[in-house]
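Engineer: Model the full assembly from the supplied sequences, consistent with the hints where possible.
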Amino acid sequence: MTFILEYYNYWIVVFLMMAGFYIVISANNLVKKIVGLNIFQTSVFMLYISMGKVGGGTAPIVVEGATQYSNPLPHVLILTAIVVGVATTAVGLSLIVRIKRAYGTVEENEFKNEDDAI
Amino acid sequence: MLEQHLAVLPIILPLIAAPITLILGRSSLSWGFATFMSAWACLASWQLLMSTLSNGVLSYAVGGWPPPWGIELRVDSANAFVLLAVSAVSTLVLIYAKKSIHKEIESSKHVLYYTAHLLCLAGLSGILMTGDAFNLFVFLEISSLATYTLVSLASDRRCLTAAFRYLVMGTIGATFILIGVGMLYMKTGTLNMLDLANRIDIYDSSRTINTGLAFIMVGVSIKLALFPLHMWLPPAYTHAPSAVTAFLASTATKVAVYVMIRFIFTVFGAEHVFHEMGMDLILMALAIVAIFKCSYMATVQSNIKALLAYSSVAQIGYMILGVSLVSVGGLMSGLLHIFNHALMKGALFMAVGAVFYRLGSVDIKAFKGLGRKMPWTMAAFTIAGLSIIGVPLTVGFVSKWYLVGAALQQNHWLLAGLVLAGSLLAVVYIGRVLEAAYFQSAPKSDVEIKEVPLMMLIPMWLLVAANVYFGIDTSLTVEAADKAAQLLFAGSNGLEGTK
Chain A
1 MTFILEYYNY
11 WIVVFLMMAG
21 FYIVISANNL
31 VKKIVGLNIF
41 QTSVFMLYIS
51 MGKVGGGTAP
61 IVVEGATQYS
71 NPLPHVLILT
81 AIVVGVATTA
91 VGLSLIVRIK
101 RAYGTVEENE
111 FKNEDDAI
Chain B
1 MLEQHLAVLP
11 IILPLIAAPI
21 TLILGRSSLS
31 WGFATFMSAW
41 ACLASWQLLM
51 STLSNGVLSY
61 AVGGWPPPWG
71 IELRVDSANA
81 FVLLAVSAVS
91 TLVLIYAKKS
101 IHKEIESSKH
111 VLYYTAHLLC
121 LAGLSGILMT
131 GDAFNLFVFL
141 EISSLATYTL
151 VSLASDRRCL
161 TAAFRYLVMG
171 TIGATFILIG
181 VGMLYMKTGT
191 LNMLDLANRI
201 DIYDSSRTIN
211 TGLAFIMVGV
221 SIKLALFPLH
231 MWLPPAYTHA
241 PSAVTAFLAS
251 TATKVAVYVM
261 IRFIFTVFGA
271 EHVFHEMGMD
281 LILMALAIVA
291 IFKCSYMATV
301 QSNIKALLAY
311 SSVAQIGYMI
321 LGVSLVSVGG
331 LMSGLLHIFN
341 HALMKGALFM
351 AVGAVFYRLG
361 SVDIKAFKGL
371 GRKMPWTMAA
381 FTIAGLSIIG
391 VPLTVGFVSK
401 WYLVGAALQQ
411 NHWLLAGLVL
421 AGSLLAVVYI
431 GRVLEAAYFQ
441 SAPKSDVEIK
451 EVPLMMLIPM
461 WLLVAANVYF
471 GIDTSLTVEA
481 ADKAAQLLFA
491 GSNGLEGTK
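Chains as they are written, first to last, in full-length UniProt numbering: chain A, 1 to 118; chain B, 1 to 499.
Among the hints, erroneous ones may be present.
What the hints assert, rightly or not - Taking CB as the label site, the calculated pair distances span:
1. A:N109 <-> B:A465: 44 to 52 angstroms
2. A:P72 <-> B:L393: 16 to 24 angstroms
3. B:L29 <-> A:N28: 42 to 50 angstroms
4. A:E107 <-> B:F36: 42 to 50 angstroms
5. B:I472 <-> A:F15: 58 to 66 angstroms
Bear in mind the hints are in silico, worked out from the structure with no lab data behind them. For every residue, glycine included, the Cβ atom is placed at its ideal position computed from N, Cα and C.
Structural biologist: Right under this line is the structure:
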C-alpha cells in the first residue's frame, strides 16, 4: 500500500498516458484525437517535472536561507516540449479545419467512406 | 570566421533562410533564395565530410558552453555522410520544385512550400549533427511539423487526411522518444550522448534504462516506418505533392534510421542492445517481413506513387537488416544504403512527378506508351528502377553486394538468399511500370504529350548520373560508410573518437 502511495505521481502519469493513448486510438472524431494526443503529451510533462523534484527542496530561485533546490533542468526541458506540443496541436487543429472544409465532416468513418467511393 | 563555425552552418543557414523566404513573398524570388541557401548548406556539409574523413570527429559547443553542460554538435563521418545526401537531395529537389509545384500547389502557397522545405531541412540537419538527446527530440519535431505542412499542401483533398494521420502517428513516435530520453535522464542525470553512453554502462541491467531503450526504439521505429509501424507512410507519400515526396522519401525516414543507429551504437552500446536485450533478432525478423510484405504490396498497387512508397518501406527493411547483423560490414551496408537509397528514390519520385506534370495522373494506365513520348523521363525512371532492383553498375547493386557479403560472412546463407529473393520482387514492381511504358501502345488522345521542361529534367538526371557514378566509382561512399561503421562500433565499446 505504501508502495502505491509513495509513487502516486507516477501512477497519475501512467493513468494519463494510457488514457490519452487510448483516446487517440479509439476516438472517431478528429478533434477528440487531438485532445487525446494532448493528454498523452501532458502526462510526459508531468513525468519530467516530478523527476526534477528533490525531496525537501524549494523552487530553484535564490532565496534567503534555502540550501536545497529542485533540479531546474527538467522544468526547462519541458518548457520546450510544451511549446512543441502547442505547435503540434495548432498544426493538427488547422488540418482539421481544412478537412472540415474539404469533406464537410470531422468524423473519421464518414470521410473514409467518401474516399473509398472515389 | 565561417570555417570555424562550419559545423553549425548546415543547421543555421536553412533556419535563418526560412523566415526570410516567407518575407520575400514572391514565388520565383523565394525559390531562388531557398535554392541558394540549400546549395550553400550542401557545400558546407561536403566540407564537413571531407574534414571528418581526414581529421576525425569534430565537436562544436553551441554558444560556447562546453559539452556535458551545453548543447554539443558532434560531426563524425557517419552523420556527415548522411548529411551530404540529405542536403544534396534537398538542393536538387528545390531546383526541380520550381516547375513541378506549379501543377500541384496553389500559387498563393508556393512561398509557404519553400519555407516549410527549408525548416524541414534545418530540422533534419539538426537531428543528424546534435550530440544531445533532448536536442534531437526538438529537431525531430521541427522537421516533423514542417513535414506535416508539406504533405498537406497538395490540391487533392486526400492529402489532408494523410497529413493528419501522419501527424498523429508522428507525434506519438516523438513523444515515445521523449519518454525514453526522460527515463535515461532520470537514471543518469545527463543528456549529452557521450556522457549518457559512459553512465549507462554502469546501469546496464537497470529496469529504467531498459524501459527507456524500449520506448526510444518503438518511437524511432514509428518515425522510420519499420514494418508494423509504417501505416502512415504510404498515404502520406502517395497524396503529397511530387516534389515533397521526392524530398521526404529520400531524407526523412533515412535520418530516422540514422537516429536508431546512433542510439543503438553510441548511447546504449551494441553489446547491450543486441546481446543482452536480443534486439538483433527482433529487428532482423521485422526487416525480413518488411522486405517481403511491402515488396508484395508494391507489386499490386496501381498508383505508381503508392507503389514506390511501399517499395520505400521495403528498402528500409534492407537498411535495418544490415544493422541487425551486428557486424561492421552489416552496419556499413546499412549506412551505404541510406545514401544510395536517397539517390535512387529521389530520382524515381522525380520521374513520377514529371509524368504527373504532363498527364495529371500517376496511375499505371497513364504510363502506357510513355517510353516514346517522354523518352528522357522514362529513361531516368528505368535507370533508377534498375538501381532499386540492384543491377550492376548502379548504386543499388553496391549496397546489396555489401549486405549479402556481410550476411555470408556470418554464414547466414538463408538471409543472403532472402535479400536476393526480395530483389526479384523489385523486378516485378519496377517491371510492371516499364512494361506499360515501353511495350504498350498509348491510348488515343487529342492532347499532345511533350517531354517535361529542362528545369525538371536536369535535377532528375543529376540524381540518375549520381546513381551510375557511385555505382562505378565507389571509393568515396564505401570509404565514408566504412569509416563511419568502424567508428560507431568502436564507440559502442567505450573507445570514443578524439575529442
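Engineer: Do A:P72 and B:L393 keep their Cβ atoms within the hinted range of 16 to 24 angstroms?
Structural biologist: violated (58 angstroms)
Engineer: In this structure, is the beta-carbon distance linking A:N109 and B:A465 contained in 44 to 52 angstroms?
Structural biologist: Hint holds: Cβ distance 48 angstroms, inside 44 to 52 angstroms.
Engineer: Given the hint of 58 to 66 angstroms, is the C-beta distance from B:I472 to A:F15 inside that range or not?
Structural biologist: For B:I472 and A:F15 the Cβ distance comes to about 59 angstroms; the hint holds.
Engineer: Cβ-Cβ distance between B:L29 and A:N28: within 42 to 50 angstroms?
Structural biologist: holds (44 angstroms)
Engineer: Honestly, do A:E107 and B:F36 meet the 42 to 50 angstroms range at C-beta?
Structural biologist: Since A:E107 and B:F36 have Cβ atoms about 45 angstroms apart, the given range 42 to 50 angstroms holds.
Figure legend: structure checked against the earlier numbered hints; the only hint not met is number 2.
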